[in-house]
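J.: Chain by chain, the residues:
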Amino acid sequence: MSRTPENLISETQTALERVRAGAPLVQSITNAVVTNFTANALLALGAAPAMCDIVGEAGPFARIAQGLLINLGTPVPEQRAAALEAVTAANEAGTPWVLDPVAIGALPVRTALALRLRELRPTIVRGNASEILALAEAGAGGRGVDATDGVESAREAAIALARRTGAVIAVSGPTDLITDGERTVLLSNGDALLTRITGGGCALGAVMAAFAAGAEDYLVSTVAAVSTYTIAAELAAERASRPGSFQVAFLDALDEITPEHILARAVFA
Amino acid sequence: MSRTPENLISETQTALERVRAGAPLVQSITNAVVTNFTANALLALGAAPAMCDIVGEAGPFARIAQGLLINLGTPVPEQRAAALEAVTAANEAGTPWVLDPVAIGALPVRTALALRLRELRPTIVRGNASEILALAEAGAGGRGVDATDGVESAREAAIALARRTGAVIAVSGPTDLITDGERTVLLSNGDALLTRITGGGCALGAVMAAFAAGAEDYLVSTVAAVSTYTIAAELAAERASRPGSFQVAFLDALDEITPEHILARAVFA
Amino acid sequence: MSRTPENLISETQTALERVRAGAPLVQSITNAVVTNFTANALLALGAAPAMCDIVGEAGPFARIAQGLLINLGTPVPEQRAAALEAVTAANEAGTPWVLDPVAIGALPVRTALALRLRELRPTIVRGNASEILALAEAGAGGRGVDATDGVESAREAAIALARRTGAVIAVSGPTDLITDGERTVLLSNGDALLTRITGGGCALGAVMAAFAAGAEDYLVSTVAAVSTYTIAAELAAERASRPGSFQVAFLDALDEITPEHILARAVFA
Chain A
1 MSRTPENLIS ETQTALERVR AGAPLVQSIT NAVVTNFTAN ALLALGAAPA MCDIVGEAGP
61 FARIAQGLLI NLGTPVPEQR AAALEAVTAA NEAGTPWVLD PVAIGALPVR TALALRLREL
121 RPTIVRGNAS EILALAEAGA GGRGVDATDG VESAREAAIA LARRTGAVIA VSGPTDLITD
181 GERTVLLSNG DALLTRITGG GCALGAVMAA FAAGAEDYLV STVAAVSTYT IAAELAAERA
241 SRPGSFQVAF LDALDEITPE HILARAVFA
Chain B
1001 MSRTPENLIS ETQTALERVR AGAPLVQSIT NAVVTNFTAN ALLALGAAPA MCDIVGEAGP
1061 FARIAQGLLI NLGTPVPEQR AAALEAVTAA NEAGTPWVLD PVAIGALPVR TALALRLREL
1121 RPTIVRGNAS EILALAEAGA GGRGVDATDG VESAREAAIA LARRTGAVIA VSGPTDLITD
1181 GERTVLLSNG DALLTRITGG GCALGAVMAA FAAGAEDYLV STVAAVSTYT IAAELAAERA
1241 SRPGSFQVAF LDALDEITPE HILARAVFA
Chain C
2001 MSRTPENLIS ETQTALERVR AGAPLVQSIT NAVVTNFTAN ALLALGAAPA MCDIVGEAGP
2061 FARIAQGLLI NLGTPVPEQR AAALEAVTAA NEAGTPWVLD PVAIGALPVR TALALRLREL
2121 RPTIVRGNAS EILALAEAGA GGRGVDATDG VESAREAAIA LARRTGAVIA VSGPTDLITD
2181 GERTVLLSNG DALLTRITGG GCALGAVMAA FAAGAEDYLV STVAAVSTYT IAAELAAERA
2241 SRPGSFQVAF LDALDEITPE HILARAVFA
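Chains as they are written, first to last, in my numbering: chain A, 1 to 269; chain B, 1001 to 1269; chain C, 2001 to 2269.
Do not rely on the hints blindly, as some may be mistaken.
One-sided excerpt, in silico: chain C residues whose CB lies under 8 Å from chain A [unchecked claim]:
#1 Leu2043
#2 Ala2044
#3 Asp2053
#4 Glu2057
#5 Asp2255
#6 Glu2256
If you want a taste of the chain B side facing chain A, the calculated C-beta under 10 Å gives, among others [to be verified]:
#7 Val1033
#8 Thr1035
#9 Val1109
#10 Ile1197
#11 Ala1240
#12 Ser1245
Chain C stretches covered by chain B per the calculated footprint, using a threshold of three residues with CB under 8 Å from any CB of chain B [claimed, not checked]:
#13 2071-2077
#14 2193-2199
#15 2241-2250
Simulated from the structure, these hints should not be mistaken for lab results. Positions of the beta carbon are idealized from the N, C-alpha and C atoms, including for glycine.
Please put together the full structure from these sequences, using the hints given.
T.: Structure below.
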């Protein structure tokens, strides 16, 4: 790829400023466990969250939203239908959307839905290595929302999935891998405490949707989202060493983080 | 109106003491994003929360509850039916109930339900200016849960809506406006951080239901709820300047707030 | 009973270390109000939470989970069917499961479901005195999730229920009573702040499922869960005196608590 780490830092800074200035309206169709945390993460960052996930409203809302998250963590029937309605409308309206195929592989209902959504041109797909491998049908899935495979194990599957779907694929782990099939970026920010609170990964999907709003290059916007999010986790981990207080400090850090923090801390490869 | 600000302060103090002494049982049929925060806000204040929102139970519970909230933030079909069941029972049993028509206007399902509930004699209606305008059919609604209109823009619509429905109408914003169609009170407490956490408005609807329990005058009880809630936000904002820690401090402040805080800080007009 | 308090302390310490080392996968089919807090409590403790509560997945997941919680706080139809599916699979696979019959007695839908689940051989039943009395059909139920009866009032009903069902029965209150019908243990740790946050009891049910994973003696594992949980509450209450900050401190304490804390603080009778 022709982009240098310096360019990515600069573009991440610009993207953060764009989110703050635009307060993009992000529709989240997400799981019941993390709705509150997801909305608070978006608010702290400066975006405008809306969880609109019922049939008859999910579609109309996806036309006015500036970004959309489809997270499959607790896909009750109403939400499954709403997700399809929203994606159809998002594609018609040009709203970028993120697919987070939580825990697919072993669980049949969400796996079938994820495979169907995969064919509906997601803008971005976010998952851990197990989930990306399962979505690429290159692996057997995991035991739930934990990663049981390393990011590197999903590199080839992620690149192939990006080429097949046209989506940017983001593989979450201690190192994050983001690829559009041609360009691949590795990021090494973050803190393990992010895995000790529920929704640490799920809210990142919503943040990716916020950064995708108005973006020209979704690889760059996804890199910017991951970089901002994981550097905020580092800021929080400097102030809190256990999960309860870390969650509070992390929301504060999403509010506090500036382009200067990005410049000082971003680690790209 | 004949009530003076001094009277309202005194009555707010009395109302807060009544909630603390009575621990009213408040049924909340509310959106999935804010159930946890709403229950914790009620508990912190001294009320007893119960989210009972399924068909076959919502009605029986509304007969024993001392206050009821109907919030339309994520109105899945089961919850829509449960809301109607609960309202019918509440009206038969004399349980006061609060309608919060979240984000109505542009979204068809909740708008239709809100217009139906409007005719079922809500005790109190709480919304931002956009929502109150939409419920009064004087506006075209908003982009979601944000206010896109100022409180003053909804004054006439609120008064008309109060006269038409018999409900107390509370319009939330930097200044809060509360009217029963004859008397109108403006309150100027609060902090902008309340808009940076999800559920900041939604939980207020539940607190209004708690203050309505056993009240003789719902205008006064609603003023007391708003005053207590927004002064608690001020206490919290003195201790926390970012949204994560503000949410924690706000729950603490709902527990801590006393009639003395009301006396020292309440700003009525 | 032949077990001494000293033995129980030692076994609680061993059980805590087993949870930390094994990170048991705990499936929680629980109410919408407390899903986030429950997942965070399990993560803080060192377990691996998964809320898998839809038809078609709840059963398959219960076969791979190491513990299962069925909490009846907001039993929508999909979740009722998923609960039965999960319990059937858990029984076939030998997965221990906890029944938390929230607010049964007055509310017909959950009461009918609880009575049906009672016959499906729960491993552990957790409730306050009112709920245990209602499940034993010895009482008329309560006004919601508050205990309106003391733990002692449910002693005979709990012992009879244990003998009838084969389950360990845990009655929550200022003193906790745990019985398998032959042996009965009283625990006197905890803090009243645990009743001022929502999910304080519900998350305990999930923690019981985590401690049941791989246990040889479910009375002991349940005692260990309650002891660990209530001592963590004591640690938190030393650092936070109001509910918002207590919730944060409690999650931190579940992460921090060690066998040494158990030894120093456990109060059995």
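J.: Please go over all the hints and tell whether each is borne out by the structure.
T.: These are the hints, each one checked on the structure:
Because the beta carbon of leucine 2043 of chain C sits about 5 Å from the nearest beta carbon in chain A, less than 8 Å, this interface hint is met. Using the Cβ-Cβ criterion of 8 Å, the hint placing alanine 2044 of chain C at the interface with chain A is satisfied: the shortest such distance is roughly 5 Å. Satisfaction of the interface hint for aspartate 2053 of chain C is found here, the shortest Cβ-Cβ separation to chain A being roughly 7 Å, below the 8 Å cut-off. Contact between glutamate 2057 of chain C and chain A, as hinted, is supported at the beta carbon level, the nearest pair being about 5 Å apart and thus within 8 Å.
The criterion of a C-beta within 8 Å of any C-beta in chain A is met by aspartate 2255 of chain C, whose closest approach is roughly 5 Å, and the hint holds. Taking 8 Å as the C-beta cut-off, the interface hint given for glutamate 2256 of chain C holds, the closest approach to chain A being about 6 Å. At a threshold of 10 Å, the smallest CB-CB gap from valine 1033 of chain B to chain A is about 5 Å, leaving the interface hint in force. Annotation: interface hint on threonine 1035 of chain B holds; nearest CB of chain A at approximately 8 Å, less than 10 Å.
Checking valine 1109 of chain B against chain A by beta carbon gives a least distance of about 5 Å; that is within 10 Å, so the hint holds. Given hint, isoleucine 1197 of chain B at the interface with chain A, holds; its Cβ is 6 Å from that chain's nearest Cβ, closer than 10 Å. Taken as an interface hint, alanine 1240 of chain B checks out: its beta carbon lies about 8 Å from the nearest beta carbon of chain A, inside 10 Å. With a cut of 10 Å, the hint placing serine 1245 of chain B at the interface with chain A holds, because the nearest CB-to-CB distance is about 6 Å.
Proximity of the segment 2071-2077 of chain C to chain B, defined as three or more residues with a beta carbon under 8 Å from a beta carbon of that chain, is established by the 5 residues found. Taking a C-beta to C-beta cut-off of 8 Å, the segment 2193-2199 of chain C contributes 4 residues in contact with chain B, enough for the three needed, and the coverage statement holds. Interface restraint, the segment 2241-2250 of chain C with chain B: holds (6 residues with C-beta to C-beta distance below 8 Å; minimum three).
The structure meets every hint from the earlier list without exception.
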